[in-house]
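Trainee: Position chain C relative to chain B; hints supplied.
Number of protein chains: 2
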Amino acid sequence: MPRVHLANTENADMYYLIGTRIPDPFFFLEVEGKRTAILNALEIGAFKEHADPSVDAVPLEPFLTDARMIGGTQNRLCKLALVVFEKYGLMKKEVAVPRAFPLDVADALREAGARLIVQHLFLPERRIKTKTEIGYIRENLESTKVAFSYIEETLRNSEIDGSRIMHRGKELTSEFLKEEVEKVLFDLKLDDVEGMIISSGAQAAMPHHKGKGAILPNTTIICDIFFRNRRNQYFGDMTRTYVKGMASETVMRMHAAVSRAQDAAFAALKPGASAKSVFEASAHAIREAGFDVGEKGYIHSLGHGLGLELHEAPNASPHSTETLVPGNVITVEPGLYYPQDGGVRIEDVVVVTERGYENLTDHPRDLIIP
Amino acid sequence: MPRVHLANTENADMYYLIGTRIPDPFFFLEVEGKRTAILNALEIGAFKEHADPSVDAVPLEPFLTDARMIGGTQNRLCKLALVVFEKYGLMKKEVAVPRAFPLDVADALREAGARLIVQHLFLPERRIKTKTEIGYIRENLESTKVAFSYIEETLRNSEIDGSRIMHRGKELTSEFLKEEVEKVLFDLKLDDVEGMIISSGAQAAMPHHKGKGAILPNTTIICDIFFRNRRNQYFGDMTRTYVKGMASETVMRMHAAVSRAQDAAFAALKPGASAKSVFEASAHAIREAGFDVGEKGYIHSLGHGLGLELHEAPNASPHSTETLVPGNVITVEPGLYYPQDGGVRIEDVVVVTERGYENLTDHPRDLIIP
Chain B
1 MPRVHLANTE
11 NADMYYLIGT
21 RIPDPFFFLE
31 VEGKRTAILN
41 ALEIGAFKEH
51 ADPSVDAVPL
61 EPFLTDARMI
71 GGTQNRLCKL
81 ALVVFEKYGL
91 MKKEVAVPRA
101 FPLDVADALR
111 EAGARLIVQH
121 LFLPERRIKT
131 KTEIGYIREN
141 LESTKVAFSY
151 IEETLRNSEI
161 DGSRIMHRGK
171 ELTSEFLKEE
181 VEKVLFDLKL
191 DDVEGMIISS
201 GAQAAMPHHK
211 GKGAILPNTT
221 IICDIFFRNR
231 RNQYFGDMTR
241 TYVKGMASET
251 VMRMHAAVSR
261 AQDAAFAALK
271 PGASAKSVFE
281 ASAHAIREAG
291 FDVGEKGYIH
301 SLGHGLGLEL
311 HEAPNASPHS
321 TETLVPGNVI
331 TVEPGLYYPQ
341 DGGVRIEDVV
351 VVTERGYENL
361 TDHPRDLIIP
Chain C
1 MPRVHLANTE
11 NADMYYLIGT
21 RIPDPFFFLE
31 VEGKRTAILN
41 ALEIGAFKEH
51 ADPSVDAVPL
61 EPFLTDARMI
71 GGTQNRLCKL
81 ALVVFEKYGL
91 MKKEVAVPRA
101 FPLDVADALR
111 EAGARLIVQH
121 LFLPERRIKT
131 KTEIGYIREN
141 LESTKVAFSY
151 IEETLRNSEI
161 DGSRIMHRGK
171 ELTSEFLKEE
181 VEKVLFDLKL
191 DDVEGMIISS
201 GAQAAMPHHK
211 GKGAILPNTT
221 IICDIFFRNR
231 RNQYFGDMTR
241 TYVKGMASET
251 VMRMHAAVSR
261 AQDAAFAALK
271 PGASAKSVFE
281 ASAHAIREAG
291 FDVGEKGYIH
301 SLGHGLGLEL
311 HEAPNASPHS
321 TETLVPGNVI
331 TVEPGLYYPQ
341 DGGVRIEDVV
351 VVTERGYENL
361 TDHPRDLIIP
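So the sequences go chain by chain: B and C. Residue 2 in this note's numbering sits at position 2 of the first sequence; the count goes up by one each step and never skips. Residue 337 in this note's numbering sits at position 337 of the second sequence; the count goes up by one each step and never skips.
Honestly, I wouldn't trust all of these hints.
One copy or two, either will do: identical chains are not told apart, so a pair holds if it fits within one copy or between any two.
[As the list claims (entries may be wrong)] Listed below are the simulated DSSO-like cross-link pairs for lysine-lysine, each with C-alpha atoms no more than 27 Å apart in a straight line:
id, residue 1, residue 2
1, K92, K131
2, K183, K212
3, K34, K178
4, K178, K48
5, K212, K189
6, K34, K131
7, K210, K183
Rather than coming from a laboratory, the hints here were simulated on the basis of the structure. Bear in mind the structure is a predicted one, so any value in this text is a computation, not a measurement.
The shape of chain B in the complex, shown without the other chains:
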């Protein structure tokens, strides 16, 4: 089935297809294996210089003349789509489009007789990373680990003063640590485009709380860092949980349970395994350790695919229907959250290999920083 997309390269599918950033929406057509980008003449020079050479670049302007001849009040992009579909013989065929295809353009095309079939996963090939992509993600995570070493070093070189943590004479805050991490990773070409998490105390018990204010001693500190490389656009994603000072008995048991759940997921990771079964392995370990799965405790999924998007296919949740294959890159991030005790999450990134998996985030999981 031909595939057609219409977006700029902020859309990860479009960036994947083209390999360079184009700021304005353009058409992408794949018809019988032949790939064509139809874009503003202004972009053609840069496109030929930077983009995947297997994609043919065609200027949009000749289509504009025909589009202006179409009556009615539809906008320019709708009329252009009608002309493009006619010229490429797409009106009489079933055509695959992504769920992100502009709704008004889809309406105009369908009204003119086009048969658009929406694909939940428009580019299923994105689930299987190439060596180049794995290299980008590996490099990102090598850099991300530098940030974790920096945080550990900062906590080690801090002192507890009552209910505060003091670092070089100042109270340690989420804001300070985040700014420092941003600086460390900026030099390594990573940008915080999604908003990292460094939270402690009650905030750490809310898995998506970004963290603000004082970092508290003797409570869990969750650090979840998911920066994007500004050269190649690939994400990393990694989480560690620390306690500066003394951890409660419960927190130590939570951390041990989450570590075991991660190990159980690792043990289940291999080609042919269902993503659901890998989640179930981690959930089983959590229950075995005496904690909850579902409404409280381990309240989220095990992980998600990682690449040009922070969350992409395949995901590993109780509802996953996918089977793992070599080249899948996913996060493995069990967690436990109790409002009275705090939160614990440990997250690594793995690539599924022919023989099992490889962990791209080999880094200590130690909880306590004295």
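Mentor: Just chain C now, with coordinates in the frame of chain B:
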């Protein structure tokens, strides 16, 4: 008409409505003035802490139970949308949705009887910036000007050596200047999320060429910097054109023409003016100076709205249909491009005021750097 959206906050409309970043798609409903976000229970805590307090946060999970009862092979999001539309009484009404509304969800809703009206401009209120938004853009541009001063200083402190420009003993390149600009602006909280342009020679004659390799002396150097603030997500956008060394007679005439075209646009800027007429004022000045408008020479539009997106409404092109009103923030960026002579572009950002306009990018436009 009720308005409904479904996306994460990488979508600028969703970020605008909520004011904080939410990584996973969620529902936004506006029914009779009441605004509701329906989102993952995991997000509720962080949402209440960070998001616009006028938006009610409702957990998604109770809807999931009903969604699972719906038969058929539709995906989870489609079924959820059906439940949400039923519960909020939206099935019998016309409902405004953006063109970015997921196509598969729209199909499922319409099949069940929903009447979705696609809005080309889903949040027309975004065209009129609040004082806070203007403050963010102003602050961004103040920082962006620092980068231009840095580039000017670097060029001033470089020497021409034959066909090369030498800076501190090394050949000056696009890559070096871009890395330096990234560093300067990183410290000012600005990120290069779209890929800045620093190009010279033949590259500068292609308006969207990002620039690479040596910066050439005695040719135009186009610097177009459009970074996003990583705290508030607002863009700046500013361009200057330089020549290190000697400019040809033609380049000097081109630069003077573009400066006059910008001044002509400024003079036409006022509430009630059509965006098209402001473009026409700039085009008239270009023609008066003996250069071309259209297929060559001044080949692009005058400018575009600026805010949470780099390109947003209103735009100022020969085809614009909008009338300017106070609070519009637009770029004013005429340019001239000839393959044999290079490119010249000068870009400022203005806000339309009650009495005319204010230039948020007051910075010299000087071409020659000796």
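Trainee: Each of the hints needs a verdict: does it hold here or not?
Mentor: Now the hints, each set against the structure:
In the homo-oligomer, the alpha carbons of K92 and K131 never lie at most 27 Å apart, since the shortest distance is 38 Å inside one protomer and 51 Å across protomers. Taking identical chains as interchangeable, the C-alpha atoms of K183 and K212 lie at most 27 Å apart whether they share a chain (18 Å) or sit on different chains (25 Å). For the homomeric pair K34 and K178, neither the shortest alpha-carbon distance inside one copy (46 Å) nor that between copies (35 Å) is at most 27 Å. Taking CA atoms no more than 27 Å apart as the test, K178 paired with K48 passes between copies only; the shortest distance there is 21 Å, against 39 Å inside one copy.
With identical chains, the CA atoms of K212 and K189 are at most 27 Å apart both within one copy (25 Å) and between copies (18 Å). In this assembly of identical chains, the alpha carbons of K34 and K131 lie at most 27 Å apart only when taken from the same copy (24 Å versus 49 Å across copies). Taking the closest pair of Cα atoms, K210 and K183 come within 27 Å of each other both inside a single copy (18 Å) and across two copies (25 Å).
When the structure is compared with the earlier hints, violations turn up for hints 1, 3 and for no others.
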